[in-house]
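Trainee: Chain residues, written in single-letter form:
Protein chains: 2
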Amino acid sequence: MDISQIDTPAAVVDLNLMQANILQMQQYMDEHGIANRPHIKTHKIPEIARLQVEAGAAGITCQKLTEAEIMAAAGIQDIFLPYNVLGESKLDRLMDLAHRATISVTADSDFVARGLSSAAVRSGIDLLVLVEFDSGLNRCGVQSPQEAAELARLIHRLPGLRFGGLMTYPSNENLDPFVRETKKNLQTDGIQVLCVSGGGTQSAREAHTYLEATEHRPGSYVYGDRYWLEHGVMPLETCALTVVSTIVSRPTPDRAILDAGSKSLSSDTMGLDGYGFIIEYPQAKIYNLNEEHGYVDVSACIQKPEIGERVRVIPNHCCAVSNLFNQIVGSRQDQVEVVWPVAARGAV
Amino acid sequence: MDISQIDTPAAVVDLNLMQANILQMQQYMDEHGIANRPHIKTHKIPEIARLQVEAGAAGITCQKLTEAEIMAAAGIQDIFLPYNVLGESKLDRLMDLAHRATISVTADSDFVARGLSSAAVRSGIDLLVLVEFDSGLNRCGVQSPQEAAELARLIHRLPGLRFGGLMTYPSNENLDPFVRETKKNLQTDGIQVLCVSGGGTQSAREAHTYLEATEHRPGSYVYGDRYWLEHGVMPLETCALTVVSTIVSRPTPDRAILDAGSKSLSSDTMGLDGYGFIIEYPQAKIYNLNEEHGYVDVSACIQKPEIGERVRVIPNHCCAVSNLFNQIVGSRQDQVEVVWPVAARGAV
Chain B
1 MDISQIDTPA AVVDLNLMQA NILQMQQYMD EHGIANRPHI KTHKIPEIAR
51 LQVEAGAAGI TCQKLTEAEI MAAAGIQDIF LPYNVLGESK LDRLMDLAHR
101 ATISVTADSD FVARGLSSAA VRSGIDLLVL VEFDSGLNRC GVQSPQEAAE
151 LARLIHRLPG LRFGGLMTYP SNENLDPFVR ETKKNLQTDG IQVLCVSGGG
201 TQSAREAHTY LEATEHRPGS YVYGDRYWLE HGVMPLETCA LTVVSTIVSR
251 PTPDRAILDA GSKSLSSDTM GLDGYGFIIE YPQAKIYNLN EEHGYVDVSA
301 CIQKPEIGER VRVIPNHCCA VSNLFNQIVG SRQDQVEVVW PVAARGAV
Chain R
1001 MDISQIDTPA AVVDLNLMQA NILQMQQYMD EHGIANRPHI KTHKIPEIAR
1051 LQVEAGAAGI TCQKLTEAEI MAAAGIQDIF LPYNVLGESK LDRLMDLAHR
1101 ATISVTADSD FVARGLSSAA VRSGIDLLVL VEFDSGLNRC GVQSPQEAAE
1151 LARLIHRLPG LRFGGLMTYP SNENLDPFVR ETKKNLQTDG IQVLCVSGGG
1201 TQSAREAHTY LEATEHRPGS YVYGDRYWLE HGVMPLETCA LTVVSTIVSR
1251 PTPDRAILDA GSKSLSSDTM GLDGYGFIIE YPQAKIYNLN EEHGYVDVSA
1301 CIQKPEIGER VRVIPNHCCA VSNLFNQIVG SRQDQVEVVW PVAARGAV
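As they're listed, the protein sequences go chains B and R.
Its first residue numbered 1, the first sequence is counted upward by one per residue in my numbering.
Its first residue numbered 1001, the second sequence is counted upward by one per residue in my numbering.
Isolated chain B, as found in the complex (with noise of 0.2 angstroms):
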């Protein structure tokens, strides 16, 4: 079927360039020799982790417990989750997750370790347990190194756990010192830190100067986005999912409006100014949406957009736009090859 047959709203991956992207990818950990562990909250769909597993992966990422369910069910069978895991029914899950494939967690607090403990011993699970720390995201981690290798300390005590290194999100500057300072704090211990794991698209480029840094998490760069693109991370030529969508109202000279809304494209800013980029048309500027509806000023179009036209648009946030739609179109060369639904969307 050709592409211009499905209806749209419709997100669409040309899988010759995500198949680059993600060789490519793969290409560059190996030559650095650093474990590459692809983040699937950007996709959430197993055939595509799948495919960064045949290319290479050490394994997987998943953020939340339920996206790992799914992912386990499917076959990955090394999946790392690095979020704090707490409460007995998710710790139940957990564990009933880690007799079924390799699971790795993370903890940033006293409370997080004991509960990871407690389950571990109850299933009779030997459970790999890594560090979160803040490099700056000023998010969730430890905030010093000293509460690294404190928590560390603790993890390596606790029955059923096992200390598996440090995690942070996303890697920088900061990275390399705080791991040196806890390594330094551990070693009277004699606590290894044998895996560090660093994360993110921008800084995948660069992991290789995170000398700290044995593993990375690269997650949209499977996709792509206009976050990416207006970075200058990833060139047009790159950009494999673009939400396809129809002009269906002309109001006004200056304005049409895109049946893809908040629903379809996210409301994801990512700070940029806009919501996406029109590919057919680069200086219509997406101003608003709404959940059903795209504004679109094009009076800086020379050739405006008429009702009925089809345009495709390179969205702000990809991963946001994975967890929107049902499925995902995989073209090549303006084939449909397949529709793969998106497994592990709404995984909150």
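For the record, the hints were derived by calculation from the structure and aren't laboratory data.
A portion of the hints provided could be inaccurate.
[What the hints assert, rightly or not] With a Cα cut of at most 25 angstroms, we get these calculated SDA-like pairs of lysine to any residue:
{"#": "1", "chain 1": "R", "residue 1": "K1304", "chain 2": "R", "residue 2": "E1230"}
{"#": "2", "chain 1": "R", "residue 1": "K1304", "chain 2": "B", "residue 2": "F111"}
{"#": "3", "chain 1": "R", "residue 1": "K1304", "chain 2": "B", "residue 2": "S299"}
{"#": "4", "chain 1": "B", "residue 1": "K304", "chain 2": "R", "residue 2": "E1088"}
{"#": "5", "chain 1": "B", "residue 1": "K285", "chain 2": "R", "residue 2": "F1111"}
{"#": "6", "chain 1": "B", "residue 1": "K304", "chain 2": "R", "residue 2": "D1110"}
{"#": "7", "chain 1": "B", "residue 1": "K285", "chain 2": "R", "residue 2": "G1271"}
{"#": "8", "chain 1": "B", "residue 1": "K285", "chain 2": "B", "residue 2": "E309"}
{"#": "9", "chain 1": "R", "residue 1": "K1304", "chain 2": "B", "residue 2": "R332"}
{"#": "10", "chain 1": "B", "residue 1": "K285", "chain 2": "R", "residue 2": "M1270"}
{"#": "11", "chain 1": "R", "residue 1": "K1183", "chain 2": "R", "residue 2": "L1137"}
{"#": "12", "chain 1": "R", "residue 1": "K1285", "chain 2": "B", "residue 2": "L272"}
{"#": "13", "chain 1": "R", "residue 1": "K1285", "chain 2": "R", "residue 2": "H1231"}
{"#": "14", "chain 1": "R", "residue 1": "K1285", "chain 2": "B", "residue 2": "E309"}
{"#": "15", "chain 1": "R", "residue 1": "K1304", "chain 2": "B", "residue 2": "K285"}
{"#": "16", "chain 1": "R", "residue 1": "K1304", "chain 2": "B", "residue 2": "Q24"}
{"#": "17", "chain 1": "B", "residue 1": "K285", "chain 2": "R", "residue 2": "G1087"}
{"#": "18", "chain 1": "R", "residue 1": "K1285", "chain 2": "B", "residue 2": "L137"}
{"#": "19", "chain 1": "R", "residue 1": "K1285", "chain 2": "B", "residue 2": "Q143"}
{"#": "20", "chain 1": "B", "residue 1": "K304", "chain 2": "R", "residue 2": "S1144"}
{"#": "21", "chain 1": "B", "residue 1": "K184", "chain 2": "B", "residue 2": "P170"}
What you are looking at is a predicted structure, and each value in this text was computed from that prediction instead of being measured.
Assemble the complex: chain B is given as a structure, and chain R must be docked to it using the hints.
Mentor: Coordinates of chain R only, in the frame set by chain B:
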């Protein structure tokens, strides 16, 4: 099951509050002789649409064809689709739907009207079409009463179509003058404007002050959200939808991290500061979201939330939240009474 046993984040609707919202709105519309046609984009759940119809709604409103298909398949009989439907495939789907349920649509251009006509003739359908006009939102809709009248005349003339009246969103002070001028313009043609359909939850309570409106399409009144709360339209005790979330990290004394991020609360700010209202910590501020993390500033809270604690968040925009969750938990007095799949979720 007690609500405290469900895994977080979860979208929970207090059924008593929701049913009170449904009944109060219907009562108001009945008192004023206005047809109530609730917009199901807020909940996307056939069972709730049925409650609205059972309470006395004249029918429902859907924003997308796929939503309408799902609602019709669930037995909802009278559906208004105030959206420009175009393209052969969607027009065929629309006509199929019109064979199974009572369907009316809108158009705001010749292009859309002619497409509807061709498809209606092909399928032997007699389709009711309203003209959408722009009351000031600057989205879709014809721009002047003259344009409205001209399009009404075209619809009246085109085979397969019946002119149904006028539609706008939102209802405001421009509604009556626009409608009156259009009616005057159509007088000599003998074309009657039978239905004037207004919309919006804010204007729902003043729907009777728009003297020309015969019908109203309220949406978010069914759940309520922080937008209506902050604008004084729906007090806290009427907000039926909360996102139940767990504190998963307390990395600093002033920062708490929720397991609900933009995948649960949505990135919609609706012009508000922050991303939701935490009922248990009114002084707390959700100041940032990533997909799976909510950043909370708890510096102003006298007692601060602890790791593992659950909180209930009233989201900024209830419709966007419905579109993120695969299921909604219906509770009564903190007991889970029902779990509804969000059947029309992802009907982009």
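Trainee: Work down the list of hints and note, for each, if the structure agrees.
Mentor: Here is how each hint holds up against the structure:
1. At roughly 23 angstroms between alpha-carbon atoms, R:K1304 and R:E1230 fall within 25 angstroms of each other, so this suggested pair holds.
2. Taking the CA atoms of R:K1304 and B:F111, the gap is about 16 angstroms. The hint holds against a cut of 25 angstroms.
3. With a C-alpha separation of about 51 angstroms, the suggested pairing of R:K1304 with B:S299 is violated against the 25 angstroms cut-off.
4. Straight-line distance between C-alpha atoms of B:K304 and R:E1088 comes to about 22 angstroms, which keeps the hinted pair within the 25 angstroms bound.
5. Our distance criterion of 25 angstroms between C-alpha atoms is met by B:K285 and R:F1111, whose separation comes to about 23 angstroms.
6. Among the hinted pairs, B:K304 with R:D1110 is consistent with the structure: their alpha-carbon atoms are about 18 angstroms apart, no more than 25 angstroms.
7. Annotation: proposed proximity of B:K285 to R:G1271 holds, straight-line Cα distance about 20 angstroms (limit 25 angstroms).
8. A threshold of 25 angstroms between alpha carbons decides the hint, and for B:K285 with B:E309 the separation of about 16 angstroms falls inside it, so the pair holds.
9. Between R:K1304 and B:R332 the CA atoms are separated by roughly 53 angstroms; this puts the pair beyond 25 angstroms, and the hint is violated.
10. The straight-line distance between the Cα atoms of B:K285 and R:M1270 is roughly 20 angstroms, inside the 25 angstroms bound, and the hint therefore holds.
11. At most 25 angstroms may separate the alpha-carbon atoms for a hinted pair to count; R:K1183 and R:L1137 meet this at roughly 22 angstroms.
12. Restraint check for R:K1285 and B:L272: the C-alpha separation of about 24 angstroms stays at or below 25 angstroms, so the hint holds.
13. With a C-alpha separation of about 18 angstroms, the suggested pairing of R:K1285 with R:H1231 holds against the 25 angstroms cut-off.
14. For the hint linking R:K1285 to B:E309, the alpha-carbon distance of about 43 angstroms lies beyond 25 angstroms, and the restraint is violated.
15. Under the criterion of a C-alpha separation no larger than 25 angstroms, the hint pairing R:K1304 with B:K285 is inconsistent with the structure, at around 43 angstroms.
16. As the CA atoms of R:K1304 and B:Q24 are separated by approximately 47 angstroms, the hinted pair breaks the 25 angstroms bound.
17. Only pairs whose Cα atoms come within 25 angstroms are accepted, and B:K285 paired with R:G1087 is accepted, the gap being roughly 24 angstroms.
18. The straight-line distance between the Cα atoms of R:K1285 and B:L137 is roughly 18 angstroms, inside the 25 angstroms bound, and the hint therefore holds.
19. Between the alpha carbons of R:K1285 and B:Q143 the distance comes to roughly 21 angstroms, so the proposed pair stays at or under 25 angstroms and holds.
20. Straight-line distance between C-alpha atoms of B:K304 and R:S1144 comes to about 22 angstroms, which keeps the hinted pair within the 25 angstroms bound.
21. Under the criterion of a C-alpha separation no larger than 25 angstroms, the hint pairing B:K184 with B:P170 is consistent with the structure, at around 22 angstroms.
In the structure shown, a violation is registered for the earlier hints numbered 3, 9, 14, 15 and 16, in ascending order.
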